[in-house]
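Participant: Given next are the chains, with one letter for each unit.
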Amino acid sequence: MSDHDELRTPVSLQGIAADDPHLAPAAHNPQIVERVIAVTFVLGLLLVAGFGACYWVNAKPWTLGATMGGGLTFLGIGLIAWGKYLMPRGPFVEERHELANSEDDRNALAAAIVERGGGVVKRRKMLAGLLGGGLGIFGVVAMFPLLRSLGPLPKGTLFSTDWKKGTYLVDITGRRVHQGDLAIGSIVTVYPAGLENTDRGQAVDQTVLIRISNENFTTQKGRETWGPAGYLAYSKLCTHLGCPVGLYEQELQLLVCPCHQSMFDVTNGAVPQFGPAPRPLPQLPLYIDADGYLRSQDGYDQPVGPGFWERGASLS
Amino acid sequence: MSSDVVNTKRAKRQTAGPYGKVGNAINELDERLGVAKGGRTFMDKIFPDHWSFMLGEIALYSFVVLVITGIFLTLYYIPSTDLVTYHGSYLPLDGQRVTEAFSSSVNLSFAVRGGLLMRQMHHWACDIFVGSIVVHMARIFFTGAFRKPRELNWTIGTTLLILAIVNGFLGYSLPDDLVSGTGIRIAYSIILSIPLVGSYLGFWVFGGNFPGTTVIPRFYILHVLIVPLIIIGLVGAHLFLLVRQKHTQFPGKGRTEKNVVGTPMFPVFMAKTTGFLFVVSGVIALLGAFAQINPIWQFGPYTASRISYAVQPDWYMGFLDGALRIWPSWSFHSFGYTIPFEVLIPAVLLPGLLFNIAYVWPAIERRFTKDNALHNLLDRPSDRPKHTAAGVATLALLGMLFIASSTDVIANFFRLPLNEVLWAMRILVIISPFVAYPITWKICKEVQALHGGGKRKTANVVTRTALGEYVATPAPKYVDDEHQELDATPVPRFIVEGDEPESSGVRVADR
Ligand code: HEM
Ligand code: FES
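Protein sequence lines, in the order shown, are assigned to chains Z and U. For the first sequence, my numbering assigns the number 1 to the initial residue and increments by one for each residue that follows. For the second sequence, my numbering assigns the number 317 to the initial residue and increments by one for each residue that follows.
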């Protein structure tokens, strides 16, 4: 074997001679490498010091990141180069010792568990059963308050909103919507009066009010009276995943959900035209009272928002 | 014993062995804990030199950055949904009623010195953390490093990926801004979609119907304590198993199933890896300095009835969002019950299936290859075409789902009808694995066929004899040519049990 070949052959570090060529640095020219590394270290050192200075004078945020990041990167590159070029070149080898033990050893362990331990349990089956039962019951009982206290039961919450017979439609500032308020083609988000600034009003009751004409508008059979003076109200909760259906395509008269682009036909009972939403947006029946204010004839006739197990097929 | 009489400095110096203070410290420690042998073995632990082994280190070091920057953030962030009137240094929001969570996050960005950098570094570190875990996992998969005896570490790694994604989502939600709030709303609806128990689970996680008041404090304690602790525990187990079972290595000169060739822990690997820690943190700091991420003050506070137009989750959630977009609106209603398949399948069953396949993959593969041997030498991906093709097909599927999460952006950018983009993505998602599989398989076969691919040709030396005859003799091989050890005979659909590699590191294949 030539010298070179020998160098490429990995050696073990256990009991290696101090002058073994594998322990020599990898660089052909260590002095030059050392100088280059020194330069990166100096740059790194200056930059991290600069980081301190920038912090001290409260300089712009980017200068903090630039000095710290640059400094760490230079120090890191220098250190990597030190390890790669100025430390023992290797390659070194380590033996892999088999992890598995002899069959006797395994049997000894198995015997301890099965015979010594198992025997103890087998002879006292009743005791083991009682202990196991006690712990099991404790587990179940402990789970119960833990889970149960996390939150209330859903009960009917998901089925109802706060829209009732005669509820005033108000905007986010609490102002009642009057017959003359919206021009044709305009849209506003409305809430049941008094709930405009509550979590529930915003998360559950939110409703879009659109005016699409001057005449009473029927969106579907059986809804002849629901759209007085061209005012239509739909739940704003997307039936896909409950994002607010916040975009109105005026020309196509589509309500669009920005989350996954479900599109609902405003003129036809908000039946989905496109996208993953499975159901139309529920429509809120409206009427205009003697003073010209918009109010709901009744609540929604079905749960609003995304689907869930108990929702019920008959309602959709 | 001499240690009984040593009590002056001078005497101590005199009794010091050839290794001075360090030697003394080791003596003291060893007498109590017996560290000498194990310590030396640890110093001599060998790390293979191959760039692909750095991927796990990136994950580890970005997690270090996450913990350090995260601790900084906890000092200023307030996990509360109580409403306050914002009067901070970001004027466009002045006077708005916002939650304390949101206002403290904005203050963290504008009023706390270094706060914006820490927030942006934390977010970038998170994206890099998840990304490097994914790439690390891919290298384990494609080189076959997950095979016996390392199946347990594959399982731990898969769990770590899930936890990283979950913790990223939780953290993303904390500032309570318009974009992340919409994400929480979607998560709630996904929980609702689970048959039978969905509404109960939803109410228990959120402490009532959405939005409830407990979700921010709950997400906070999960995000800063519970999930990180589990991650730290599992990372510890991951590294312990790594040391116990030792690294895998690629075949090559002097490398066998029974050894590891490379650089020793001390000092070479220690220097390189510490340097690498600095570089990873440095790059994250540079990203935090120059690449804006999650400008919550532009999104504004979360209000359930408002929505921003750029609803986009962090990148690692993209595949779920894409699946939700392209899955058709098939809902199931019957017997008075509803199963929202349009949500359940893409958002619950699909990720459930993917991660479960990942968990049992080592077992599946053992079943098909009937290969029950211990493997310490890695495969080149081309060695095992079917396996590699299956991995690439999965990545293609995930990549297409990821792209599908921007159907609207694509439609706007190329001025195409949204419907066409949607259908194109549906088709691409379905066919991409079936296209990727045979192509990858074919490429692997081609690479195998390149006999001695990557191997240097040996020259012929032509000499003229005394008689004027020309004789061509093959020149000696390059002595430092590592590739010469890699015989390029196509390897194995599977490797026969009990087969030992030859000392050169070349495996015996049964075709
Ligand atoms: C397991 C790894 C972790 C991941 C993937 C992760 C991810 C995230 C993400 C994406 C954010 C949103 C950041 C923003 O743009 O505001 C965040 C915020 C936060 N994280 Fe982490 N994080 C991790 C670990 C930690 C740890 C260990 C701590 C503390 C001990 C922590 C404390 C925080 C805090 C307090 C916030 C809120 C900051 C704000 O609102 O601006 N995180 N995290
Ligand atoms: S939430 Fe509206 S389309 Fe998905």
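Accuracy of the hints is not assured; some may be wrong.
Unchecked claim - Simulated restraints on C-beta separations: (1) 145/Z with 555/U: 32 to 42 Å; (2) 411/U with 38/Z: 49 to 59 Å; (3) 399/U with 130/Z: 52 to 62 Å.
To be verified - Straight-line Cα separation of at most 25 Å, DSS-like style, residue types lysine-lysine; simulated pairs: (4) 562/U with 761/U; (5) 686/U with 353/U; (6) 337/U with 361/U; (7) 464/U with 562/U; (8) 761/U with 686/U; (9) 562/U with 84/Z; (10) 84/Z with 361/U; (11) 361/U with 464/U; (12) 569/U with 84/Z.
What the hints assert, rightly or not - Stretches of chain U that chain Z covers, calculated by requiring three or more beta carbons in the stretch to come under 8 Å of a beta carbon on chain Z: (13) 501-511; (14) 552-564.
Keep in mind that the hints were calculated from the coordinates and are not lab data. From the three backbone atoms N, C-alpha and C, an ideal C-beta is built for every residue, glycine too.
Participant: Each hint needs a verdict: does it hold in this structure or not?
Facilitator: Consistency of the hints with the structure:
A hinted range of 32 to 42 Å holds for the C-beta pair residue 145/Z and residue 555/U, which are about 38 Å apart. Range check, residue 411/U to residue 38/Z: Cβ separation about 56 Å, and the 49 to 59 Å hint holds. About 54 Å separates the C-beta atoms of residue 399/U and residue 130/Z, a value consistent with the hinted range of 52 to 62 Å. Only pairs whose Cα atoms come within 25 Å are accepted, and residue 562/U paired with residue 761/U is rejected, the gap being roughly 31 Å.
The suggested pairing of residue 686/U with residue 353/U is violated, with an alpha-carbon distance near 39 Å, which exceeds 25 Å. Taking the CA atoms of residue 337/U and residue 361/U, the gap is about 24 Å. The hint holds against a cut of 25 Å. Using a Cα cut-off of 25 Å, the hinted pair residue 464/U and residue 562/U holds, with the two alpha carbons roughly 13 Å apart. Among the hinted pairs, residue 761/U with residue 686/U is consistent with the structure: their alpha-carbon atoms are about 22 Å apart, no more than 25 Å.
For the hint linking residue 562/U to residue 84/Z, the alpha-carbon distance of about 22 Å falls within 25 Å, and the restraint holds. For the proposed pair residue 84/Z and residue 361/U, the alpha carbon gap of about 17 Å is at most 25 Å, so the pair holds. About 21 Å separates the Cα atoms of residue 361/U and residue 464/U, which keeps this hinted pair within 25 Å; it holds. Among the hinted pairs, residue 569/U with residue 84/Z is consistent with the structure: their alpha-carbon atoms are about 20 Å apart, no more than 25 Å.
With a cut-off of 8 Å between beta carbons, the region 501-511 of chain U has 9 residues touching chain Z; three or more are needed, and the interface restraint holds. Check on the region 552-564 of chain U: 3 of its residues sit with their Cβ under 8 Å from a Cβ of chain Z, so the three-residue criterion for coverage holds.
Checked against the numbered hints given earlier, the structure breaks hints 4, 5 and satisfies all the rest.
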